[in-house]
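The residues making up each chain are set out below.
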Amino acid sequence: MNESQHGLRGRTASSVDDSDQAALALVTAGQLDALQELYDRYKTMAYSIALRITADGALAEDVVQEAFLGIWRNAGRYVEGRGSVKTWMLAIVHHRAVDAVRRRRPTTELPEREAVPPPALQLPDIWSDVAAGLDREEIAAAMATLSDVQREAIELAYWGGLTQQEIAERTGTPLGTVKSRVRLGLLSLRRALVGEGDGLADGLAGDGGT
Amino acid sequence: MTHSEAIDRAAAYVLGALERTEEAAVREHLATCAEPHAEFEALSGVVPALLELADLELVEPPAALGGRIMAAAAADLAANPRAGAVTPSAAASRPTPSAAWPTPSIPTAPSAPTAFPSAAGRAARSERNRTGRFDWALRIAAVIAIVAVGAWGLSLQGQLQGAHDQLEAARHFDTAIASVIGAAGQPDAKTVILKPAEGATANGIAAIASDGSVVLAMRDLTPTSGSQVYEAWVIVGEAAPVPVGGFSVDSDRTAGFTTRPAEAPPGAVIALSLEPSEGSTVPVGPIVSTGIALAPASQNG
Ligand SMILES: [Zn+2]
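Protein chains in written order, with the numbering used here: chain A, 17 to 226; chain B, 2 to 302.
Derived DMTMM-like pairs (lysine to aspartate or glutamate); straight-line CA-CA distance at most 20 Å:
#, chain 1, residue 1, chain 2, residue 2
1, A, K59, B, E61
2, A, K59, B, E58
3, A, K59, B, E53
4, A, K59, B, D56
5, A, K59, A, D33
Because the hints were derived from the structure by calculation, they are not lab data.
Hey, can you work out the whole structure from these sequences and the hints?
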């Protein structure tokens with residue numbers, strides 16, 4: 017199944033994740049077939065993410081290999097209810113890819129090699145619920161709610177692998193401003209996607225976006 | 002890290018935009034602090050959407066990558082057999098998310114021998130009898146476990162800075178292994194584990210493809226000099242060794258090589274000798290490595 021199809025997601029998202037969870041459970045039990053199944057399902061997405069972040073085909077292959085070995089070894093760490101299997105796996109790919117590009121930058125601290133796969137995004141994930149009702153225009157509209165500087169800060173962080181400190185240096189912006197741009201940008205996306213005013217941005221709205 | 006310091010870093014944390022040491026400190030905080038962390042939950046939920054918002058260009062990975070990953074996983078399994086135990090999750094020890102993000106009714110059970118959610122558990126039981134498509138991979142993995150650990154390290158670029166030759170050798174071997182795995186997946190393919198002969202170090206794996214050619218991945222070979230070649234031989238029963246092709250080896254001490262096709266039924270011996278020159282019809286140089294062709298016990302690929 018092509019994981020990038022938007023239209024079908026409403027009906028299929030949960031059955032895809034059930035199937036992913038079943039495969040991941042088999043991976044935990046040491047079934048290579050199940051790893052192959054997950055790889056086949058997400059290899060294109062995984063490689064594309066790694067390639068976009070590293071801009072280097074060979075390095076992207078290494079990243080995907082590391083990530084899937086990390087998934088193979090640590091499948092038991094996936095926690096149901098903290099996001100879909102897909103989100104968990106792709107977060108591991110993302111994390112590894114960022115590690116890889118940071119390692120290429122001599123000024124950055126070198127991360128631990130065999131650190132467990134990241135965990136960072138093992139938090140609730142609204143996306144699979146939200147995506148059901150969205151088409152590309154709505155997605156574009158959500159993106160359009162961000163100011164240019166918010167979008168730039170988020171892109172440099174997520175796709176560029178920069179730390180917020182590095183973003184501040186790169187863009188000649190105070191760290192505090194970078195922090196609020198990233199935060200308000202994410203909150204703005206959340207509001208656009210979920211249609212929810214949750215008050216988290218109160219008192220900061222309008223600041224940092226310029 | 003204090004609660005407010007953690008909250009201050011929430012947005013950068015969910016985007017992966019902290020130094021990894023700082024990220025670890027935040028994670029540690031989340032695992033131990035009982036205060037609510039609504040900010041993290043609100044922000045992290047949006048992050049998967051960035052993938053869709055990015056208009057990511059989808060690119061297929063090279064076909065060989067899947068084989069490399071499966072071989073490395075098989076080797077990892079051979080080196081670290083699973084007892085069915087699940088490592089308790091660090092994440093599972095975190096405080097329950099706030100009511101806005103309810104956990105599902107099936108709790109994870111870190112201390113249970115298997116922590117499958119029930120749907121997955123059912124699937125696991127129903128699929129447990131499935132024939133292993135990767136029996137061959139497991140078999141070769143028993144021998145290449147150390148290799149795969151090397152490949153794992155290899156993929157961690159930078160660790161081998163300054164060891165360029167070693168890196169190249171590992172890459173060379175990695176590529177050769179991928180070819181072996183490709184051949185091993187063919188119908189009626191056989192696998193061979195090549196062990197060093199007495200006094201030699203050469204070792205590796207091979208697969209005999211459907212057409213009878215032997216695809217070899219060898220390492221720790223003494224480099225050839227002058228007209229020397231490594232010749233591969235197929236020996237069936239009492240018959241005379243059949244030469245199937247030779248190759249030279251440079252300072253990386255590694256070789257990937259595909260021989261001419263030959264009749265090599267299960268039980269045939271594959272041998273490698275170091276010949277003084279090309280074209281030997283009987284082995285005259287020392288045998289450096291041998292192995293026996295094994296038919297995969299159950300292979301449905
Ligand atoms: Zn806290």
